[in-house]
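Asks: Read off the chains here:
2 protein chains.
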Amino acid sequence: MYVDIGNALDAEPRLTRPALDRLDERVADAHGRIERGRTDAEHGYAALNLPDTADPDAVREAVSRFDDPAAVLTVGIGGSALGAATLAEALGAGLDHHVLDNVDPAAVRALLDTLPLADTVVHVVSRSGTTAETLANFLVVREAMDRAGVDWTERTLVTTGAEGNLRDLADRHDLPALDVPAGVPGRFSALSTVALPVAAIAGADLEALLAGARAEADRLAGSLFESPAYAYGAACYALERRGAGINCVMPYAESLECFAEWFAQLWAESLGKDAVGQTPARALGATDQHSQLQLYRAGPRDKLVTLVRPRERPDVPIPETELDGLAYLGGGSLGDLLDAEFRATEASLAAANCPNVRIEVDRLDERGVGELVYGLEAACVLYGELAGVETFTQPAVEWGKRAARGLLGGGDVDEADAVGEKRRLVID
Amino acid sequence: MYVDIGNALDAEPRLTRPALDRLDERVADAHGRIERGRTDAEHGYAALNLPDTADPDAVREAVSRFDDPAAVLTVGIGGSALGAATLAEALGAGLDHHVLDNVDPAAVRALLDTLPLADTVVHVVSRSGTTAETLANFLVVREAMDRAGVDWTERTLVTTGAEGNLRDLADRHDLPALDVPAGVPGRFSALSTVALPVAAIAGADLEALLAGARAEADRLAGSLFESPAYAYGAACYALERRGAGINCVMPYAESLECFAEWFAQLWAESLGKDAVGQTPARALGATDQHSQLQLYRAGPRDKLVTLVRPRERPDVPIPETELDGLAYLGGGSLGDLLDAEFRATEASLAAANCPNVRIEVDRLDERGVGELVYGLEAACVLYGELAGVETFTQPAVEWGKRAARGLLGGGDVDEADAVGEKRRLVID
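So the protein lines, in turn, are chains A and B. Position 19 of the first sequence, counting from 1, maps to 743 under my numbering, and the rest follow consecutively. Position 90 of the second sequence, counting from 1, maps to 814 under my numbering, and the rest follow consecutively.
Rather than coming from a laboratory, the hints here were simulated on the basis of the structure. All clues given are correct.
Below, simulated EDC-like cross-link-like pairs (lysine to aspartate or glutamate); rule was C-alpha separation at most 16 Å, straight line:
(1) B:Lys-1125 - B:Asp-1136
(2) A:Lys-1125 - A:Glu-1139
(3) A:Lys-1146 - B:Asp-734
(4) B:Lys-1125 - B:Asp-1138
(5) A:Lys-1125 - A:Asp-1138
(6) B:Lys-1125 - A:Asp-1060
(7) A:Lys-1125 - B:Asp-1060
(8) B:Lys-1146 - A:Asp-734
A short list of chain B residues far from chain A (calculated; beta carbon distances all over 10 Å):
(9) Ala-743
(10) Asp-753
(11) Thr-763
(12) Thr-777
(13) Asp-781
(14) Arg-789
(15) Ala-842
(16) Val-874
(17) Gly-885
(18) Ala-886
(19) Gly-927
Even for Gly, the Cβ is constructed at its ideal location relative to N, Cα and C.
The following block holds chain A by itself, in its conformation from the complex:
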């Protein structure tokens, strides 16, 4: 992974090179803390050991019973879905992968009506084994398979913890079950049994993916100027402190659209606490030049834009044309056009004093994706250390979970009572 923070300096908000140099002393301390956490496999820090602790053989063994399925359905939500979606989109060209990560009845029904259930692998993922949305969806999927005459116990793979409803289900029906990795929060679990199964079914080279991650792990160091991941994390932290409360993540690759969503969870849940934390805004280049760029260049000075791309990619020529006005396009390629748009947008942000960072990998293959996933996880962990937040927890979501459970009749819950006290001012 290559990180270029040149355009993050001396823009608005203003981050100077001397300020970065001073921050680097704190990076050294934070790196020491992270290394101790990794050595002791502490909760959260253990995620940064996955390049070595993940077991590709066990993953391949678990999926080996499913011989070249027509489709794969991941049933999970949040960190139990976004890693799989990211790997499948980036590395699973040709794989018909779907995700049930919402409980919208119309969408669930529409998906089940079109999936070839008899030839679909269902991967149910819930760390706790009790996630309401995931379990409810799985009950609906299971019934659809029953109705279609498909033996769901032959088509289902589970990833979960040692206890919980999902573990009980796996035990009762003798389903193949993978363990969630110890000490790894869901949003840091893309390189584990949570997301690797779909990559394995897609035929991705899991060793190359983990090797890409390991390459970034090997470059974690006591200075942000020696580690691409830390350079990014430190620049984000320093810019947020100076007023860049928004981080617009804009990959120039359609196959990284889910990656931007994965990043948005990583950033929001890890860093959004104690009244700090950058808000991730997802974008896609070149498309969002025609949607968000006006705001980035001319709106409030509260943003960092993160541009992500591969240095090489397959290309498609643009045919010659009979139209004079388009002659400058003909003979070129879509890749040339996308490259020109990327560089033009980056320069246009710089010209407008909008700080931006360029993140590149050589190619969007297994190695490149491994570098990106691990690199941004490590960037996030460093940012959390610098900000002094509890990177690996998400306590603020519990209120709503309790309230929803109460509303559904799951006991007497104070939070559910509060729902009824909503203040209304309706204009209709």
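Assemble the complex: chain A is given as a structure, and chain B must be docked to it using the hints.
Replies: Using the frame of chain A, we list chain B on its own:
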């Protein structure tokens, strides 16, 4: 459309009822300005007349030659794509709709390799008729059809202005061509020839869609307390002024995922100028409760959360289960669960003092979608008036367009020279 701003008051940032009452005097003035613009069909304001000026018969006539195609491909970018994507997703259940709104070679190639080209309708949309990405993509699509032995002139529909490369192409090959509506910027064109064709092919009731829009138009009034659209626009403006620089738009419906993207363009390009403008952040309920909610509740107090949902929707029962821990779900429905999640999340935001607004329609049918699209357009126009920005222009994107053109050999361009002067600080 129902807009409930009760939870937008007295949260953090703090907007009080007296402040809203004072703002309402300015709403009356702004409404007068908007009405004059509509009467004179001024640039931009003309968009708010589309419920009356759009011609569904002409649209149906233009698509009538395409008899029940297997797929529809919209080739456009920004405002020339997002409206079609929004209508197709919300109203086109069963329609195989695709959008080429990027020039990623791998994605373009993958799409063309799987589309049934002989039975696909291609709708090419460019207001100027010169958009580089759109024309380049169309040249590639056209060649793919040629190679597949498909007469592309029989499968192509065009929407463009009176002049430009795309108009020349339509004239030269006698393609069916619809005119872009006069005075309507792309991001305000969802209810016009830009996006209605795909809705017509999907079999949507265009009159009901426009009737929904007209219902919101009829409720524009000189007070925010009498118009749902203005209530929303005024609340957003007032909250931004007080520090809510981010507007997180979170529909609780999978079929509104593209709608959130459409909204993001509407908001960003219209309001992001002169160093003001809320940054839209797209989310999706209930999914992003497991991704973004931690940040919304516990992060910086710089956000408004906009929750959108239908009051009624088709439902799917959750089967009874043998697992004790899930007994509280069985016998309920996915709709019940989603409803509980919606209300729990809304209350959890209020409990955390995060301002939020609830926008509802009766159903996500043509009428409801028409209300939403028009209502949010009118909200945006009001916000622009209150903020004193040029709502209908996007001057900041021109720099990058010129630079890209220069990089591609389209003449000697100062901006292209600036691209070469990039400041680098690469960590690798």
